[in-house]
Each structure stands twice: as structure tokens, then as C-alpha cells.
Amino acid sequence: MSEPILMKGNEAIAEAAIRAGCKYFFGYPITPQNEIPEYMSRKLPEAGGVFIQAESEVSSINMVYGAAGAGARVMTSSSSPGISLMMEGISYIAGAELPCVIVNISRGGPGLGGIQPSQADYFQATKGGGHGDYKLIVYGPSSVQEACDLMIKAFHVADKYRNPVMILGDGMIGQMMEPVVFRDEPGDAAIPEKPWATTGNEGRQSNLITSIYLDPEVLDAHNWNLYRKYKAIEENEVMYESYHEDDSEWFLVAYGTVARICISVMEKMRKEGFKVGLIRPITLWPFPKVAFDEVAGRAKAFLCVEMSTGQMVEDVRLAVGGKAPVHFYGRTGGAVPLHSNIEKRMRDVIAGRTPVVTDYLDTTTKEVEGDETSVPAS
Amino acid sequence: MKPVYLRPKSLTDTVTHYCPGCTHGIAHRLVAEVIDELDIQGRTIGVASVGCSVFAYNYFDVDFQQAAHGRAPAVATGIKRVHPDKVVFTYQGDGDLASIGAAEIVHAAARRENITVIFLNNAIYGMTGGQMAPTTLPGQITTTSPFGREHKTQGYPLRMSELLSAIEGAYYIARCSLHNASHIARAKRAIKQAFRNQIEGKGFSMVELLSTCPTNWRLTPVKALEWVEKHMIPVYPLGEFRVGEGE
Amino acid sequence: MNHRIILAGFGGQGVMLIGTLLTYAGMREGKHVSWLPSYGPEMRGGTANCAVCISDRPIASPVVTEPTAVIAMNLPSYQKFSKILVTGGSLIINSNLVNSENIRGDIKAYPIPANDEAVSLGSERVANMVCLGGLLGVEDIVSIETAIQALPEVIQDRYHHLLDLNSKALRRGYEMVRQMT
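Listed in order, the protein sequences are those of chains A, B and C.
Anchor point for the first sequence: position 83 equals 83 in the working numbering, and the numbering is continuous, going up by one each time.
Anchor point for the second sequence: position 75 equals 75 in the working numbering, and the numbering is continuous, going up by one each time.
Anchor point for the third sequence: position 148 equals 148 in the working numbering, and the numbering is continuous, going up by one each time.
What the hints contain is simulated information worked out from the structure, not anything from laboratory work.
Worth double-checking, as some hints may not be accurate.
[Stated by the list, open to error] Restricting the straight-line Cα-Cα distance to at most 30 Å, the calculated cross-link-like pairs of lysine-lysine (BS3-like) are:
1) A/K43 / B/K9
2) A/K135 / A/K231
3) C/K80 / A/K268
4) B/K202 / B/K152
5) C/K83 / A/K268
6) A/K160 / B/K86
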């Protein structure tokens with residue numbers, strides 16, 4: 001246990017990776033995550049590792065593939081447009097069942113979009129993104145400390161399941177400074193044996209890392225084996241935090257930095273006597289359905305708040321299963337939902353009104369309340 | 001009785017899927033012989049690409065990784081940086097290396113990656129059924145240049161050995177041909193040099209091998225070998241384009 | 001205590017640095033802290049700002065929309081952030097760059113000629129420290145001594161010959177504002 005150190009999220013994530021025994025980093029510059037490769041380029045050689053600035057994200061993720069297949073603890077980081085470029089490689093990594101960690105300090109899209117914080121990559125991260133039936137394990141940290149803790153966990157979980165893991169942060173997590181405490185980590189010592197890795201076939205049969213199975217029966221079996229693995233992950237790896245779940249009737253749902261804004265709103269409204277609680281998914285995949293089951297009998301409505309036009313809200317609706325209305329409020333492109341506007345929506349929800357999905361629609365067309373541009377109750 | 005021809009230890013006892021008359025088999029054998037002769041089978045890791053050689057790992061008895069289309073040099077980089085003491089080679093065709101993987105090969109050379117690249121150039125996409133490649137000759141008919149490659153709209157062949165030989169990080173760049181016995185012997189010497197360079201830590205080495213595709217060229221195996229000599233070599237001259245010095 | 005502070009000015013005036021210093025000092029005093037910068041192209045010559053939270057309790061949101069204190073080192077910052085300051089909040093204004101007439105009546109405003117004071121101390125570049133010292137003179141966020149002790153942690157080693165100048169600037173701002181209260 002060390003003293004708290006004040007660190008930027010991006011640098012803290014990089015330091016956590018090194019402490020987790022990550023020795024290899026392959027990446028390409030993109031805002032707002034550049035402090036990660038910069039930190040790695042300074043510190044990895046000291047730690048006996050290798051940093052390479054690749055010619056593209058496409059190349060970066062394939063270097064990760066090679067290093068992971070060679071048995072190393074390896075990572076890359078990027079931001080939204082760069083992650084899109086990596087999707088091919090991520091699909092291959094999932095298909096070949098290689099462990100690695102991918103950090104997405106996401107920014108606003110689509111296209112080149114902007115460089116301010118965004119949560120619009122939720123679908124890409126949790127629903128595939130690349131081709132084929134595969135899943136990433138996705139963590140959505142909401143503080144710099146949690147980003148560090150999840151980063152270290154990510155490497156262990158990746159090795160445990162031989163599956164790529166994504167840390168889905170946003171520009172705010174990356175750029176924010178908060179105190180961080182690093183626990184003593186076993187580093188390399190915790191890396192399991194990898195007898196499947198390509199290390200040269202001296203004294204054993206040749207190893208092969210691949211994702212090609214041209215025989216339909218074989219590929220079918222491979223996919224169902226992956227499916228079984230994903231089921232085990234769903235059973236074992238769900239993480240979430242619930243606030244005031246025992247007595248609340250109205251629930252805010254948010255992840256990452258937005259969850260922290262919602263916590264402020266919840267605290268203020270509870271002081272005023274409203275029975276408001278909050279569910280914060282930490283694993284975005286597997287999604288914490290159980291958190292919604294726990295409050296299903298009592299919850300009168302949910303308000304999901306995101307920095308997107310509504311992505312996680314779909315999983316919330318699936319989890320709630322029509323037992324209560326699920327409303328949505330969001331901002332995009334780097335605009336951060338304000339406390340006051342979230343509170344306004346929550347008051348609408350409590351009063352039985354359907355809140356307008358965003359301030360933009362709210363200010364330009366007052367009469368939209370209740371029509372098709374707002375999210376109807378489930 | 002003294003055997004005069006044996007399967008190299010580094011090749012598996014598997015019948016290849018290659019078409020009759022295709023020179024992939026020769027290239028595989030040369031690489032395997034070199035691996036045997038340098039006694040590096042137990043510490044060699046191959047990277048297969050996408051194209052006809054996608055199943056190369058079935059034929060080589062060494063550890064292998066299968067890479068996405070064009071990305072073999074990046075995958076090899078990842079492996080080599082983790083295991084600098086192992087011998088890492090990629091085996092790529094012209095669609096893989098010269099088209100979709102042009103960036104990866106250029107930057108692997110520029111980074112002075114200490115790897116060996118075996119590059120098969122047969123001027124066409126074989127696996128997908130005979131489409132135009134960046135290496136397709138002017139006037140050559142393919143399924144996507146049905147009137148012959150026309151320079152005004154389809155440009156000119158990309159000469160990868162010449163291009164890569166301009167890169168400082170490249171240590172050894174050679175182009176050989178597999179169309180007859182003496183050239184095959186020369187190709188083997190170049191391949192051996194390219195592996196030896198890596199073992200000695202000299203940096204990036206590539207051997208381009210002019211190869212046949214009788215099926216998609218619509219030629220008999222014998223005619224295909226003649227076609228290499230008559231049509232390909234004038235466009236792709238043979239020789240060592242870069243032989244580095246020192247480290 | 002729950003201080004939610006915005007520090008703003010031109011890129012290059014050192015507002016990120018005084019925000020970092022304040023955050024370090026808060027951490028040294030055992031408080032919960034967060035520092036959230038504006039980032040992007042505006043950091044190159046435009047207006048830059050950071051939001052600092054210092055609290056006895058864990059910080060829920062690091063986003064500051066209703067600051068309890070603001071340092072405005074230039075006019076655009078003054079125009080933007082004086083409006084959202086809470087009633088009774090403290091506003092430190094660099095009066096060398098901000099014409100501070102018509103200040104809101106429901107806040108505590110302290111116009112100080114930070115650039116002039118910094119020049120008189122030896123370098124215009126410590127105007128940021130004068131402003132931060134001023135803030136510490138009116139708001140009980142952290143002690144000025146803790147801030148001075150934290151200077152070596154935020155100023156790069158190659159500028160450590162300027163530590164003394166920076167601490168003098170902090171004290172100057174602190175004292176000027178104390179005399180105004």
C-alpha cells in the first residue's frame with residue numbers, strides 16, 4: 001500500500017498496466033489519450049518492456065495480436081476513430097482467443113467527430129464492433145482510482161478467459177487528476193503459464209494461433225465454445241454499484257464519469273425527500289442485469305443518462321423487461337449533462353411526465369414533449 | 001542406398017492444397033531446407049498471411065500464427081519484440097504484401113524489424129480466383145482487368161523490392177525466380193542469407209520470389225514457367241537490391 | 001467543506017499549474033480532491049480553464065457547473081465564469097486584464113493587479129501565483145503554507161530556481177486580499 005499520488009487518468013492507467021506486469025505497448029497517437037503512449041514510451045523500457053509507436057492503429061492491434069500469441073502481457077490504447085480501425089484485429093484476437101487489454105478513451109463521433117468526452121462507443125464496445133460472434137469484456141471506470149484498479153484486473157481477467165478486455169473511459173477520465181493509491185502488485189509473477197503460445201516448438205508439438213476454420217462443423221463448434229466461455233464470464237464477472245437500492249422508487253442509471261454527476265443529483269434530491277437511487281454498471285459487458293432484478297418490485301421508473309443519444313438504455317430496457325418505464329436523457333459530442341438538467345428530467349419522471357431526451361430538442365421545440373422525438377415509456 | 005531426396009524435417013507430412021504447377025511448394029521446401037540447415041526449427045515462429053498461403057502453417061512443422069490480410073509484418077513485429085532470440089518469418093503473397101499490407105511492410109522495414117520476409121509474387125490474386133493484383137503486368141488479363149491491365153486507369157505494377165530497397169532500415173532485399181533449377185538454387189541462397197541476417201541481428205530482410213499461377217494465368221505448368229521468364233522477369237529484374245553493411 | 005473552484009485564463013498564463021498546485025495542497029491536507037481540465041485546441045493560445053474540487057467527503061462529480069470560487073485571469077474568463085458563481089462566492093479578478101466594472105453585487109469580488117505585482121516581484125509569469133494566493137486569502141481551502149510546500153511537486157525540476165519567486169508571489173496575493181477584507 002502506497003501513499004496517494006495525484007495523477008492524470010491516462011498516466012495512472014499506464015502506470016497501473018506496468019504494475020500489472022504489462023511489458024508490451026503498441027499504439028498510435030490520437031487525442032485525448034496521448035498521455036498513455038507517452039508515459040509508456042518513458043517507463044516501459046525501464047521496466048524491461050518494449051514500446052512501439054506503430055504506423056497506424058491497424059498495425060498496432062496486429063502487433064498486439066502477435067505479442068499476445070507469443071505469450072506476453074500486452075496492451076494498446078486509442079480513442080474512438082482509432083478503435084474503429086482496430087476492430088478487424090480485435091475480431092481476430094477474439095477469434096484466436098488471445099488475452100490483451102485495449103483502452104478506449106473515447107471521444108465524440110461519428111466520423112472524425114470531436115475530441116471531447118463521449119460515451120457513444122458503448123454499442124461498438126459491448127455489441128461486437130468487429131465481425132463475427134464475439135464479446136469483449138468491457139469495464140467502464142468512473143474515477144481515476146477505479147480506472148487503475150480495473151486496468152490491473154483487466155490483465156488478470158484477459159488471461160483467465162483468454163479474451164480481449166476493453167477499458168472504456170472517456171476524455172474526462174483520461175484528462176482528470178485525482179489521488180491514486182497503488183497496491184502492491186505481483187506483476188509478472190501473476191501471469192499464468194501459456195503453453196499454447198508460439199515460443200518455438202523445441203521439445204513439443206508445434207503451436208498454432210489462428211482464427212480460420214473453413215469447415216462449417218468445426219467453426220460452429222468453435223463459436224459454441226466461445227459462447228460457453230461468454231456464459232461463464234456473464235456468471236462470474238459482473239460488476240456494478242447500487243446506491244440506496246433498498247428504499248428508492250426512482251432510479252438513475254449511468255456509467256463512467258456521468259454516473260458521478262448523477263450521484264450529485266441523487267444526493268441533492270434525496271436531501272429534498274425524493275426516494276432516488278442509482279445503479280452504476282461497472283462491467284458494461286457482461287451487463288449487470290441482476291442489479292435491476294434486485295429493485296424490480298419497487299422501482300417505479302428509471303432514468304438512464306448517457307453522453308450519447310441512447311445506447312446503454314437499450315440494455316437497461318432489456319434488463320427491466322417492461323416492469324417499469326425506462327426514460328432517457330443524453331448529451332453528445334463533448335457536451336456534458338448538467339446536474340440541473342438531469343434533476344429537471346428526474347423531477348419529470350417522478351411527476352409521471354416523459355422527459356425530453358436532450359436540451360437541444362428541449363430548447364428549440366418546446367412542444368416535442370411526449371411526441372415521437374422523446375423516448376416513450378416502455 | 002543413399003537417399004537423394006528427403007522431406008525436410010521442418011515440413012509436415014501433409015499433401016498441400018496448392019494447384020499442380022504452382023511454385024508455392026518449391027518456396028515452402030526452400031524455406032524448410034534453410035530452417036533445417038541453420039538448425040533453427042525449434043526456435044522458429046512463422047506468420048501466415050491471407051491468400052493461397054493461408055494454410056502454410058499446415059505444411060511447416062514450426063510454431064505459427066495466422067495473421068489478418070496484410071498484417072503479417074505487424075504480427076511478426078509483436079512476436080519478435082517478445083522473443084528477440086527466436087527466428088520470426090512471414091510468408092506473404094503479392095495481394096497481401098503489396099496491396100492491403102503495403103503500409104505494414106514499409107514500416108516494418110523502416111523500423112528495422114529484425115525479421116525475414118518471404119514474398120511470393122505471381123502477378124495475380126490466386127485464392128480469390130484470378131483478380132488483378134498491384135503486381136499484375138501491363139496488358140495482363142485478369143478477372144478484374146478483363147481487357148488487360150490498362151495503365152491509364154489501372155496504373156503500373158508495384159515493384160516492392162525496388163521500393164523497399166530505398167528504405168534505410170532494410171538490410172537485405174533480393175528478388176529471385178522459381179522458374180528453373182538454377183534460379184531455384186539461387187533463390188535458396190538468398191533465403192538462407194535472409195534468415196542468417198536475422199540470426200546475426202542485422203535487421204529487416206526480404207526475398208521476393210517470382211512465382212507461377214497456372215490456374216489463374218490459364219496456362220499449363222510448363223507454359224507458366226516460361227511465362228515467368230518471358231514476361232515477368234523483364235518487368236521484375238532479378239538480383240540483390242540492397243545488401244546492408246554492419247549492424 | 002466542499003469547495004468547487006474554476007481557475008481560468010489565457011493558455012500560457014499558468015491556470016492549469018495553479019489548479020494542480022491547489023489540488024496537490026488539498027491532497028496534502030488529507031482532503032478529497034479532483035482536477036479536471038478543459039482540453040483541446042483552445043489550450044493553444046485561447047482560453048484555458050480547470051475545475052478543482054476539494055472536499056471533506058468523496059467527490060461525486062468532478063464537473064463544476066456552479067463554482068463556489070473563481071479565478072479569472074483574463075476578460076473572456078471573467079465574462080464566462082462570473083455569471084455561474086454561486087451567490088456569496090469569491091471571485092479573484094486580474095484587474096490588469098479585466099475591466100471589472102459592474103460586478104455582481106451578490107458575490108465577493110477581489111480585483112488585484114496580478115500582472116503588475118508579478119512584474120514588481122521579478123517576472124510577469126508568476127501572476128498566476130498572485131491570483132491563487134489571493135484566493136487562499138479569502139477562502140479557507142488550504143493553508144498558504146501547504147500551497148508553498150507543494151510548489152516543488154508541480155514545478156518542473158529545471159525551474160526549481162524559481163521556487164522562491166513563486167512562493168513570494170503566493171504570499172503577495174494572499175496579503176493583498178487580506179488587506180481588502
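Results for each hint:
| no. | hint | in the structure |
| --- | --- | --- |
| 1 | A/K43 / B/K9 | violated (43 Å) |
| 2 | A/K135 / A/K231 | holds (10 Å) |
| 3 | C/K80 / A/K268 | holds (25 Å) |
| 4 | B/K202 / B/K152 | violated (40 Å) |
| 5 | C/K83 / A/K268 | holds (22 Å) |
| 6 | A/K160 / B/K86 | holds (26 Å) |
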